[in-house]
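Residue numbers (my numbering), protein chains in the order written: chain A, 1 to 289; chain B, 1 to 1207.
Hints are supplied without guarantee of correctness; some may be wrong.
Said to hold, decoys possible - Quick partial rundown of chain A residues pointing at chain B, CB under 8 Å, derived from the structure:
hint, residue
1, T10
2, V14
3, V17
4, I20
5, E29
6, A30
7, Y33
8, E36
9, A38
Claimed, not checked - Derived contacts from chain A toward chain B, CB cut-off under 10 Å, selection only:
hint, residue
10, R11
11, E21
12, S26
13, G72
14, D169
Think of the hints as simulated: they come from the structure by calculation, not from any bench.
Note that the coordinates shown come from a computational prediction; the quantities given were computed from them, not determined experimentally.
C-beta atoms are modelled at their ideal positions from N, C-alpha and C, and glycine is treated no differently.
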Amino acid sequence: MHSLFEEQITREEVAVVRSIEAAQESYPEALSYSPEPAAFELGPDEYLDQVRRIKAAVGVPVVASLNGTTPGGWTRYARLIQDAGADGLELNLYEVAADIYEPGEVVERRALEVVREVRAAVAIPLAAKISPYYSSVASFARRAALAGADALVLFNRFYQPDIDPEALDLRRVVNLSDSSELLLRVRWLALLFGRVPAPLACTGGVHTPVDVVKAVMAGASVVQTASALLRWGPGYLTQLRDGLGRWLDEHGYESARQMRGSMSQARTAAPGVLERANYARILQTWDAT
Amino acid sequence: MPTRPTITLDGNEAVASVAYQLNEVAVIYPITPSSPMAEWCDEWAANGKPNLWGTVPTVAEMQSEGGAAGAVHGALQTGSLGTTFTASQGLLLFIPNMYKIAGELTPGVMHVAARTLATHALSIFCDHSDVMACRQTGWAMLCSNGVQEVHDLAAVPQLVTLRTRVPVLHFFDGFRTSHEVAKITPLSDDDLRALTDEEAIAAHRNRALTPDRPVLRGTAQNPDVFFQAREACNRFYDAVPGVVREGFDRFAAVTGRHYKLVEYHGDPAAERVVVLMGSAVETAREAVAALTAAGEKVGVLAVRLYRPFPAADFVAALPPTVKAVAVLDRTKEPGAVGEPLYLDVVAALREAFDADTPPLAAMPRVVGGRYGLSSKEFTPATVKAVLVELSKPRPKNHFTVGIVDDVTHTSLPYDPDWETEPAGVVRALFFGLGADGTVGANKNSIKIIGEGTDFFAQGYFVYDSKKSGSTTVSHLRFGPAPIRSQYLIRTADFVACHQFPFLEKMEIVERCRPGGTFLLNAPYGPDEAWDRLPVEVQEQVIAKKLRFFVIDAARVAKATGMGGRINTVMQTCFFAVSGVLPRDEAVAQIKKSIQKTYAKKGEEVVRRNFAAVDDTLANLHGVPVPAATTSKLHKQPDIPENAPEFVKRVTAVMMAGRGDLLPVSAFPVDGTWPLATTKWEKRRIAAEVPVWDPKVCIQCNKCAFVCPHATIRAKVYDPAHLAGAPDGFQSTAFKAADFKGWDYTIQVAPEDCTGCNLCVEVCPAKDKANPRHKAINMTPLADVLGRERANWDFFLNLPDPPRDRLRHAEVKGSQFLLPMFEFSGACGGCGGTPYLKLLSQLFGDRLLIANATGCSSIFGGNLPTTPWAVDAAGRGPAWANSLFEDNAEFGYGFRLSLDQLGEQARALVRELGGRLGDELAGGLLDAGQSTEAGIEAQRARVRALRERLAGDESPAARRLVLLADHLAKKSVWLVGGDGWAYDIGFGGLDHVLSQTRKVNVLVLDTEVYSNTGGQASKSTPLAAAAKFAAAGKAVHKKDLGLIAMSYGHVYVASVAFGAKDAHTAQALAEAESYDGPSLVIAYSHCVAHGYDLRLGADQQRLAVASGVWPLYRYDPRRVARGEPPLVIDVPPGKAGVAEYMRKETRFRMVERQDPGRFWQLAAAAADHAARRVALYDQMSHIVLPKPTPAASPVTVEANGAAKEAGA
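So here's chain A without its partners, still in its complex pose (with noise of 0.2 Å):
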């Protein structure tokens, strides 16, 4: 599922508020400008209530994903979740980091506290989704693993507000991803696979069966998709399912367990190309040809 996400509800929450009580009391004739409600729906109500109902209607497993600004919000609404009866939770670790007094440690130890705090608070499995800016991806995955991540998944993506030069105003706008996004995920999955304590998933980029098929092989355990189910709809999943099968048949794998970190570092015949000193030399062989 989206996520649920704290910012939107407490900002959601202090806006009417704010709207409402704004105009009030100020003029004998209206003492106030809109009804009272007895009981209002609050942010987080109609996001549980779509997991009961989403859970109430499907037979798979219903994971729920959640982004907190409080360390009291991580908690409290990842136990709303579980009681809702999602079956598994994502903790959404979006931050940007944009304090330029704020170490990168700071960053980090904020964020496996929320994994560590989540854990203690909930016993439905849980995963952390994890962004590719920490300094050291590859040491914050293992430690969010150890502080009580069940599962990692690789990589958020940050929503990026676009320039409209025309106006001079910074737009708000939603870009879905491609394929090209994979390669990131591709080479974090491949350098994690085996040595963090975690099963790893891979969101962001996959849009094809074959793209499948590389998250796979890289290391995942799970490939999540939304990118193209937004472009296609969901009729989509089923296209992906049945071509990732057709690809197993005519390549003659037996199942894609099979194929699951078979060009991660650890195993992949050239584990070199992998690391990031690397770049350099790609480009020279491209100039050499």
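Since chain A is already given, all that's left is putting chain B on it; use the hints.
Relative to the frame of chain A, chain B by itself:
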């Protein structure tokens, strides 16, 4: 009797909670101050709350009180228990049906929060002129005097009306009782059940109209029988007093609280007695108690059942020793022998003394007087004045009390310093801004004290007449005994000033008693605050030995995420300092109350409020008061020296809050007031104001166009006028081809700006290197006040460019025209006022406005100052407000009259053509006035006419001189909101549009009853939550434009200035130029929509882009040109309806209550928008047959001879 629980609530809720329980059908319509009763009932019904019999009452809003009256009548006739709530003009609209309901002996109860009727002026405040206008309808009338009583006496009339079949009007004082918050003992369901009479209900049901047992009601009767049949009801009226008495007895048996038809309080051997009704009774009791304690033989007689007047009970209640009686009426009947209650008392006594055994030894002397009109303060001191007068051998009759009548000398003198506030009562006064939450916090404090202690509590709240930057004064009393003081607190034990700038202009510490406590919210620390006080304030603090506390509440509020709301901070300070409750207990109670209020709205809000409470205690400081003053700052004078004499003599006194002191002679006798007075009221309510950067500006004038208060203006002028400009006055070369070589300035009126930000939001010009910096930028007022004030004064004196050289129908050109609607009290960011301002710019010097009651009449005409202004020649909009329901007809009357007088003038010009000369006469009769130049030329001809006829004493010449101004063009506009145009005034509007006279209609469509607090109208769109449609309106907005288009001869435009400003300017200009009726429906964003109004223009763009608000012009003139009359000006774009809706709380609230319903309604709204867009699109392609010459209704009507010609 066991101890009963208590609750703290206001009078309206106290009534509604009983009326709801005892009724099945409530038919409602909003009107101040009764609206909250209807709102409560609607809310409870929406939430499925059952009544006493376990069913949820039906609550239905109508299009007017006239409609509500009819619906109540129908509901009662068919056997339901029905009720309604109203006041003032609304009650007047009930009157025809009241006769019917009573004449048919139909049991029913209505609850009226008594309010002044509009006469020389409208007033929303209290007197009995409305209920007294119903005393002849045949309804029983029962009066309550306080919050506990309105609750109790809301129950008794149900029993009375069902048993007697006489309908009952239950009334109480608007605001003083309806809006007072007090602690009361509520009636339980068992109490109410004990007061019902199932047999009487069954009898009512059995009388119901039903085809199963058909009867006929509403016959027309003739001279032979009507009279006798009318007398047939008498015995039912004879029975009423007895049944009311029984009802009160039963009530006492159930609750232990005793009421009588007429109640006497005071010395049993009193010689002087005042007689009155309503909340004033309580004040009179307090005064009488003080006087009898001092040995005076006085008393007060309260009439509770006013109709049928219980003459026997009245006479019996008088003490046998009485020698003189003063009857006080809270109404005025010009031309009557006396006011109604006085006449009733005189007649009752006369009849008693005509009986065989007179009840008293001697007939007392009886005088009558008026008090308390429009909530004029009625204090113990005024009661004493009346009793003092009664001790004279020949007391003044037909007196007034509480004012100074220096014209007809009716007023009694009184000593305002005589006070009777009972010992043991804590009095607290709070001065705040509407926007800072002071009143809400105080209402909450009263609940905490009322419900958390044994204290009785009372809160009353005074608001000023502005909708933006309004000040509020909260009057709170707490004490061990029920609080009777139904008047404002003069001196308090605790005074809090929640806004530091108030100290400069209001009397605040003056209201604190010696040794009292003064709490100040100051943007300074405890060390600095003292020195920042004006010296006059320091003097008072020292002389009165006040305890002085300060807090920087804005800082605490900001730090804890409360934004500009300092309510929680100041509430915590009050409890911390006043000692009403132990501090820890108070903090716990505040938090409990926060939890209760906000928990359902989200934990974050609760968390922030808790943080504010905790931070407050650490930031509240006692300040040691020095022995001598240290400040050199002084309070500010009220008004500049150059103000007109009337403004200085009258307006300034009102602005200073001392209007009560003005005598009768100060006032116009007929409600006629001068224009252009807002400019003298420098309110300085903005924290930040826009400041212009000419280097970035592209000179589009959009900022001036959208400004709701005409505080940001553009001017183009010959640079020669810049001589003597103050330092810092900015100007730049004008960039357009016209006015070559002239300079250009954008200037802000820093003391009039409300700081709404609308202008900065629409400003399209950004600094290329630093786009955050625009051509106008919000800047702290304190940093620029001195400079910009001087600049503004200089700017005003620059000449305006000549009107005939400007392109009026364009945004830029229109904003060089002088606005003659400025600095109104409308909300900051108001979406309606920009249209009015534009109207005044385009046509102000020839404009007559009929303004329907509503927001626009309130900010257009609410004293002390009014925004309609005049030009340099002294011309300007002539503005009048008649009523809410009659505005179209009222303005139509303007046109009938102007046409008639204009035709007379033209006939006289023809008659006197020889005297005037052919050229002048011909010009006067035939010259076109479709342009500015044409109008000016005609005005010049009128001047020439007057010169030529000067000294001509012939009757025709004298008549023509008198009427000559009618030869120059006048523009008649009927202005009002959607409540008027779509609902209460629609019948009249429809009629006026169906005619051919040239009237223009401007509907400021906020899609809700804005002025009375956001009740749904027929303009409220599908899916919007509004009062009376709390779950989201389930039906579509009425398409007023389409209805008007169906006539074919009406010019119709739908505009939204924030979506396309040029279109608005064009539509207004075209509407005015059309020689027939026109209707312009103007999207007006509003605080009731629930978002930050600085984004109003953005929302308007979305409304248009989503198809919710199409922009079009339907011009019948196009038919003759072979073109489709309807032009869609901005085809809907890509925005979705849900996208538009989800940005406003009115829609969001539906989603928050029930997401499923929201999405259903949103889909329906999108369908509807799409259908409407498709319909309009098709219409815009329909080419109609060209009319034969002179065959359109407009030309046929205009040219009577054409009828034959066309045939």
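* To do: Taking the numbered hints from earlier one at a time, note which ones the structure violates and give those numbers from smallest to largest.
  => Every hint satisfied by this model.
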